[in-house]
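**Q** The residues making up each chain are set out below.
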Amino acid sequence: MDILSYGFMQNAIIASILASVACGIIGSLVVVNRIVFISGGIAHTAYGGIGLAFFLGISPLLGAGVFAVVAALIMAYITKNDKHRSDTVIGAMWAFGMAIGIILIDLTPGYNVDLMSYLFGSILSVPMADLIYMGVLDGVIVLYILKWYRQIHAVSFDADFATSMGVKSDLIYASMLVMSALAVVLLIRVVGLILIISMLTIPPYIAERRSNSLKGMMIYSTIFSLIFSLVGLFMSYTFNLTSGASIISVSAVCFFLSIIYDRVKSIK
Amino acid sequence: MINTEKIVTVEKLNFSYGEVKVLTDVDMSIHRGEFLAVIGPNGGGKSTLVKILLGILKPDSGKVSVFGKTSGATGLIGYVPQDVSAGRGFPVTVREVARMGRMLTKKSLSDVSEIKFIDQILDNLSILNVADKKMDDLSGGQRQRVLMARALAIEPELIFLDEPASSVDLHGQTRIYDLLAELNKKMTVVVVSHDLTIIPKYATSVACVSGHVHKHDEAEVTEDMIHESYGVVDGCPVELVAHGHPHRVLKEHDH
Numbered sequence: 001m002d003i004l005s006y007g008f009m010q011n012a013i014i015a016s017i018l019a020s021v022a023c024g025i026i027g028s029l030v031v032v033n034r035i036v037f038i039s040g041g042i043a044h045t046a047y048g049g050i051g052l053a054f055f056l057g058i059s060p061l062l063g064a065g066v067f068a069v070v071a072a073l074i075m076a077y078i079t080k081n082d083k084h085r086s087d088t089v090i091g092a093m094w095a096f097g098m099a100i101g102i103i104l105i106d107l108t109p110g111y112n113v114d115l116m117s118y119l120f121g122s123i124l125s126v127p128m129a130d131l132i133y134m135g136v137l138d139g140v141i142v143l144y145i146l147k148w149y150r151q152i153h154a155v156s157f158d159a160d161f162a163t164s165m166g167v168k169s170d171l172i173y174a175s176m177l178v179m180s181a182l183a184v185v186l187l188i189r190v191v192g193l194i195l196i197i198s199m200l201t202i203p204p205y206i207a208e209r210r211s212n213s214l215k216g217m218m219i220y221s222t223i224f225s226l227i228f229s230l231v232g233l234f235m236s237y238t239f240n241l242t243s244g245a246s247i248i249s250v251s252a253v254c255f256f257l258s259i260i261y262d263r264v265k266s267i268k
Numbered sequence: 001m002i003n004t005e006k007i008v009t010v011e012k013l014n015f016s017y018g019e020v021k022v023l024t025d026v027d028m029s030i031h032r033g034e035f036l037a038v039i040g041p042n043g044g045g046k047s048t049l050v051k052i053l054l055g056i057l058k059p060d061s062g063k064v065s066v067f068g069k070t071s072g073a074t075g076l077i078g079y080v081p082q083d084v085s086a087g088r089g090f091p092v093t094v095r096e097v098a099r100m101g102r103m104l105t106k107k108s109l110s111d112v113s114e115i116k117f118i119d120q121i122l123d124n125l126s127i128l129n130v131a132d133k134k135m136d137d138l139s140g141g142q143r144q145r146v147l148m149a150r151a152l153a154i155e156p157e158l159i160f161l162d163e164p165a166s167s168v169d170l171h172g173q174t175r176i177y178d179l180l181a182e183l184n185k186k187m188t189v190v191v192v193s194h195d196l197t198i199i200p201k202y203a204t205s206v207a208c209v210s211g212h213v214h215k216h217d218e219a220e221v222t223e224d225m226i227h228e229s230y231g232v233v234d235g236c237p238v239e240l241v242a243h244g245h246p247h248r249v250l251k252e253h254d255h
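Line by line, the protein sequences are chains F and W. Numbers 1 to 268, taken from this note's numbering, label the letters of the first sequence in order. Numbers 1 to 255, taken from this note's numbering, label the letters of the second sequence in order.
Take these hints with a grain of salt, some might be off.
[Claimed, not checked] Below, computed lysine-lysine pairings styled on DSSO-like, alpha-carbon distance capped at 30 angstroms:
#, chain 1, residue 1, chain 2, residue 2
1, W, 69, F, 168
2, F, 168, F, 265
3, W, 69, F, 147
4, W, 133, F, 147
5, W, 58, W, 69
6, F, 147, W, 134
[Unchecked claim] One side of the interface only, derived from the structure: several residues of chain W facing chain F at Cβ under 10 angstroms:
#, residue
7, 77
8, 89
9, 103
Hints are computed from structural coordinates only; laboratory data are not their basis. By construction, the Cβ of each residue, glycine as well, lies at the ideal position given by its N, Cα and C atoms.
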């Protein structure tokens, strides 16, 4: 267990745990509410925030966070008020966020060596400051789900019924997108913007098949995320591979294996 | 028994989806104890009207009052939607769905009593045997009954059901309407339905929604009156169209 004695590896494991909690909770909401495309849009729009942060010389995660939350609010408004055009608008925001990020980085003096780590993740180089930031965001997500679980549960299952029971469904929906934005920021360091969507969908998908409740799905999903992250991390270290891609590859292989397992089980 | 207390009143209600007007100058009321059947042509605004009364949709203009409140008579109104596919792919058991509404009100009991209460409702609807199953594993008819259990579990005084028998066979339909007639002894029932053959047997009043809904409290609900073959005006059976308007008829009825 020599690798555990390295500080960067300890940080990477802590980052994996923090990211897994966000994946488990928010990923489950993303899957059951079918907001995968929206979450992808939020993640990629956040790149504009990273570009702006580089340009202004502030924390890239802070820039990504602000951009992602604003994008989430805009997407919540659009999906509720212009449902039929929402995917077009989200697609446009997705591309514009990336474009503005690239332009701002072009305009930033000097060579930004860190750039790729935000696109594809760099869990082996997460600094303590980012871990603290991730921990705070995790805290917000956990408090959010504990406080409003019943309302979130009802809206995710049947928004009309929840509204008829006096729940502010639109507000809950918007809050779910904002929480997705926070999860995106949490995951940037682990798998990068490009690959985030798979971390928000693969573990919850596998978990959903094995759970009888949303709560159970969140717990299983957290465990699966952690396993995938740690195995991917180990692979990345051992074979000198890109960490984000390694984690996603492990997740994807397990995803296909779980599908095969479920099919075989249903035939029997 | 129907009494004179109006628990729902609608005045000058207008609603449109974008440029398309769906409901125009609707005035109507529902009395405590009624078994109201809401009928009308596709696109006439039946489901829209119910969703407005439930607070799911906001009208463009007009007044809506349910139990004296302009919005949020939470805990007094049960709702069984037409679309039973809601929540597909959602990991949840039948018992948990049945509790869902109660969890949002302050009606929850202690854990053991709560489960007993829920199980009794599931038993009344003949779905106690699937209480621990996932919703995804149920048939359309079973899902519909679970959603009915969810509405009944909040112990409402008024229940809206949108096409409650659309996912069941003929025998199942009769069972559902018999159950609704039984419930009508304790609560006001509003059913949106296309099934014009079964309504006269159960409904104490009928409203046909086709852009408008106007009151007409004198006539009786008869099979001829609401049968499509009898003649249709503006998408509504001709006998229900009074004074050039669509119509709402009311008859005294004892179950």
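**Q** Taking the hints in turn, state whether each one holds.
**A** Checked hints:
Simply put, residue 69 (chain W) and residue 168 (chain F) have alpha-carbon atoms about 17 angstroms apart, close enough for the 30 angstroms limit, and the pair holds. The hinted pair formed by residue 168 (chain F) and residue 265 (chain F) fails the criterion: a straight-line CA distance of about 40 angstroms is larger than 30 angstroms. Distance hint between residue 69 (chain W) and residue 147 (chain F) is fulfilled; the C-alpha atoms sit about 27 angstroms from each other, no more than 30 angstroms. A hinted pair counts as satisfied when its Cα atoms are at most 30 angstroms apart, and residue 133 (chain W) with residue 147 (chain F) qualifies at roughly 27 angstroms.
For the suggested pair residue 58 (chain W) and residue 69 (chain W), the alpha carbons sit about 14 angstroms apart, so the restraint of at most 30 angstroms is met. Between residue 147 (chain F) and residue 134 (chain W) the CA atoms are separated by roughly 25 angstroms; this keeps the pair inside 30 angstroms, and the hint holds. Because the smallest distance between the Cβ of residue 77 (chain W) and any Cβ of chain F comes to about 7 angstroms, under 10 angstroms, the interface hint for this residue holds. Given hint, residue 89 (chain W) at the interface with chain F, holds; its Cβ is 7 angstroms from that chain's nearest Cβ, closer than 10 angstroms.
The criterion of a C-beta within 10 angstroms of any C-beta in chain F is met by residue 103 (chain W), whose closest approach is roughly 5 angstroms, and the hint holds.
Violated hint for the displayed structure: number 2, the only one.
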